[in-house]
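Student: The primary structure of each chain is shown beneath.
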Amino acid sequence: MSAVAELSAVSHHFGGQRAVNNLSLAIPRGGVYALLGANGAGKTTTIALLLGLLRVQSGDIRVLGGRPGEMAVRRATGAMLQVSGVPDMLSVREHIELFSGYYPQPLPMDRVVEMAALEGLERRRFGKLSGGQKQRVLFALAICGNPQLLFLDEPTVGMDVEMRRRMWRVVRDIADEGRTVVLTTHYLEEADALADRIGVLHAGRLVAEGTPEQIKATTGGRLVRCSTVLDDAALRTLPGVRDIRRQGDRVEIAASEVERMLRALLARDTTVGDLTVAEIGLDDAFLSLTNEAAEAA
Amino acid sequence: MNPSILMREVRGELLSAIRQPAFVLPTLAFPVMFYLFFGLAFTMSRSMHMPTWLLATYGVFGIIAPALFGFGIMVATEKGEGWLRLKRAAPVSPLVPLLARVAMAMLFAFLVFVLLASLGALFGGVRMPRADWILLAVTLTAGSIPFCAMGLACGLWLSARAAPAVINLVYLPMAFLSGLWVPLPAFPEWMQGMANVLPPYHLAAIALHVVGMQPAENLWLHAWVLTGVTMVFLAVAAVAWRHVQEN
Amino acid sequence: MFPRFLVPVLLVALVIAFFLALPEPRAPQPPDWPAQTGNSFVLRGAQVFDGERLHRNRDVLVQDGRIAAVGPKVPAPAGTPEFSAEGHTLLPAFIDAHTHNFGDARSDALRFGVATQIDLFTAVDSLAAARVERESLERTDQADLWSAGTLLTVARGHGTQFGLPIPTLDDATQADAFVAARIAEGSDFIKLVLEPGRSFGSTMPTLDAATVKSAIEAAHARGKLALVHVSTAVDARTAIEAGGDGLAHLFADTLADADLLALAREREVFVIPTLAVLESVAGRAHGLDDDPRILSHLSPVQRESLARQFPGNGVRAKLIERALGNARALHEAGVTLLAGSDAPNPGTAHGASLHRELELLVEAGLTPAQALAAATAHPAKRFALADRGRITSAMRADLVLVEGDPLADIRATRAIAAVWKNGYRVARLRFDGTAADQAAPLTEPVLGRFDEGDDGWMPTTDRIRGGTSDVAMVVSGGRLAIDADVRAGSMWPWAGAMRMLGTAPMEPVDARDHATLHVRLRASGPVQVLFFSGASAAGVPASWPITDVADWTEVSIPLAAVEGFDAARARALAIVAGPQPGTVRIEVDSIELRGPE
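Protein chains in written order, with my numbering: chain A, 164 to 460; chain B, 1255 to 1501; chain C, 5 to 601.
Be aware that one or more of the hints could be misleading.
[Unchecked claim] Straight-line Cα separation of at most 30 Å, DSBU-like style, residue types lysine-lysine; simulated pairs: (1) B:Lys1333 / A:Lys379; (2) C:Lys77 / C:Lys385; (3) C:Lys217 / C:Lys385; (4) B:Lys1341 / A:Lys379; (5) B:Lys1341 / A:Lys297; (6) C:Lys228 / C:Lys217; (7) C:Lys228 / C:Lys385; (8) A:Lys291 / B:Lys1341.
[What the hints assert, rightly or not] Pulled from the structure, derived: some chain B residues nowhere near chain C, Cβ distances all over 12 Å: (9) Gly1336; (10) Ala1354; (11) Ser1372; (12) Gly1379.
[Unchecked claim] For each label pair, taking beta carbons as the anchor points, the in silico distance ranges come out as: (13) B:Pro1280 / A:Asn185: 44 to 54 Å; (14) B:Val1486 / C:Ala508: 57 to 67 Å; (15) C:Pro27 / B:Val1486: 35 to 45 Å; (16) B:Asn1450 / A:Asp273: 56 to 66 Å; (17) B:Ala1419 / A:Glu376: 54 to 64 Å.
Derived by calculation from the structure, the hints in this document are not laboratory data.
Beta carbons are placed, not taken as given, at the ideal position from N, Cα and C, and that holds for glycine.
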């Protein structure tokens, strides 16, 4: 399995602020690669570096066997960036036509319109579209060139659930044709639903990488909320406990083997009350991963 | 560079510009209105043919707006909205949209010429040898290039919010002080001196010579000044462009 | 669906169409033409009547006073002034085949486009100069002159009543010697008078048939044409049978019969009907004084002449009808008619009346083209005037440009836009007080300092008028020294020095901004300052006497006090001795015009 894109020890900073820190990453050919991370984790900077929008300050990047931003590379690349607007006065069709023209072998207009779910909107001017519709136009511009490598920076922001699922299917189809999709997201759910591999970024570093299952295994488990007389030190001795946070008289315990932990807890403290058990959310997963990263640093 | 890509890009620029009343109306209506009002309705001097004189100067006035606004404000806006990033990521040379926009500005410049020339010929009694008409059209159309460079530099430097204010602040006083609204000889001498440092004054001097209103003094000097202005603003734009690439 | 590939084609076509539609400045039309100083130019885009035929949109190149080329697109040497004359018609300058040369006749005629006058009786003393001038290509404001000189008539016959003492002849035996004397005097052809006086309501003696025949033979023997003045059909037959080449006037006592018409045709005589004067004899109005195009350029003398009437003209109203009828009959019979006005008889004026004659010829049945030929190519051919009357290469550039198309309306000949004589534009003076065509203002009031050369002064004597006076002129020591030797022998003797006021010789300038002429001079005898001015360069100059200047004196002459000086048309100044005979030394230190103080 060869890499379509590879970052080796890449660092990038804006002014004094370090956005990407000694990042090494290999994106394999084919399938969907999700860059997962909170806002400010360095996802967008990484994408910009891969697209050649930013000059490489240190380290080395190779994309599709070339340097990022080279014309040959750009001809095989599509990108959906976080853009607040494109010229309002051109219609959906005119925008797609213009972008298709840049590529040597663009997709037919009908196919692009169908894939981006823009049926019936072709003649509407960009300025008259809703936020979600605008996102789909940007998606159309990214795919219209039939690229080998597709970058999607937060592609489903502002879309409703149904539209998001439709987009996922399209992205999945593209990946299944043997193309490579690199997407950034802060929805674990999205990464989980789409990605073949996930790289988790925190503060410009890669903190975890692997299949969704591998990631979930490291961050997985459930969250137990309850009131207890035990102190944190005592709680940490319980089996499978990963993290403890106090909220007033209640405590949140993240645990990988929640049943074993609960049995032990109830055995040690008979006063446990207000007990709820929940799946760990995305934020919690990141939190745990990134807290670990922060502690390791 | 693929010519058909450039043609499509020009078409896009044109459609985009034409559909914006906020761009079309001021760029076309202002010079026409001013010319009708000052050039045709009033006759301020008997010693020179005002409709011919002002055809040259309002022509210059008219071609500045599409160049300055088309580049300055539109580039600043697109930079702000991220559109510029998307274009840079797309497999197209940044020269293509640049040239397409220059073409758009020049087309609008030509349109301004067509409108003013029609008015001057129909209502102002402007009569020139055919070669001079063509030369005036060429002067005005090509004359928008220094202002494209000026607009590009502003658009790349300024934020989308600041650009319209700054450019309007430059545009109107510059036009006035260059003698585009009222012929320079009507100004006090210290004001006439100020015109020397303003690019529109130099383009107007060439245009006035083309329409036979001024002798051929310093024709090359004016042309060199405009070339120099273009070079300086392009250099400024290049620096700004690097800056854009690093952020 | 509109084919897409046509869109750029259509756009380019639109742009080209736009540029083609943008208005160009009209080339200046004749009223706005810049001044023409030389005698070379090219006139573009006029329709040209070459004397016989019309050509549309022709260029005419004139070089050094002669027509160099005529064609649709004539290239001109670099530097040749170009004039556009679209909507105008260029004609050969007219030839008036019947005039009498008096006073300002020749400049009056030229102002109206008549550059050649055929004179049929005048004082012979003017002929010698005229013979020289008509061969010249110099700038002039005078029409050229061919003349019969003294006519052939009997004592108390027609021609003796004008107060000019002329020799007469009594019988055929004198004819040969008489004709020889006329030719020796300078007559270009011979004119005989057959006038029993009936058309003037009286009877008078006239030549008999034998004398007419002898005189005509004498003229032919010397290679000269013989023209016969006639007023009756009988005399016309006599004149033709006697071998006359042309008839002056149209007999109008009766309508011509077929025999006479056939005879005239057979002998190829030409007839100068002079309908303009016959109209006046008949008392019919010529209408010239109602036409502003004519009126504006009539001098007071011309106006007066046009207003005069023949005594008792009312009783001869039928005369013009018969004359027009005979003209029509002759024309239809194939007899050549020539345009002649008989100016300055009562009711006619030099130049102006030729335009009326053209109109009357058209009334008599000639087409406008035939009428124009009767005033251009035909008289040139019949009188053997080699280089005039037509617009072709090598012809003298005597030209008239009129606005409009005289071939459609003959009266368009009156809308004269320009007249050229010998290739020079003629300054057409106006007499209606308007600014147009006024002389340019005098710009250099200093006429002589004599510090660096003669400042344009040149010797002048009465020799140009047949006198014998002499002059020597020298510039030295900052002074102009004139040694004048005035001799009796002409009507008005003089000798001295002269200076033109305009750029061209005798060109008028407007000196009205100047009040006085200051001359610092001394002279051993009486001198005069002569002021040449007015409508004609040939007019009598005004004079101002200066006496008692044996020592250096500054003389100041108030121009307003110089009687007869037309400051609006000042042409030249002269300082001369005369008319008393004697030698006078005149020295001039400075001479200049000064404005009002």
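Student: Okay, which hints does this one fail, numbers in order?
Tutor: Of the numbered hints, 1, 4, 11, 12 do not hold.
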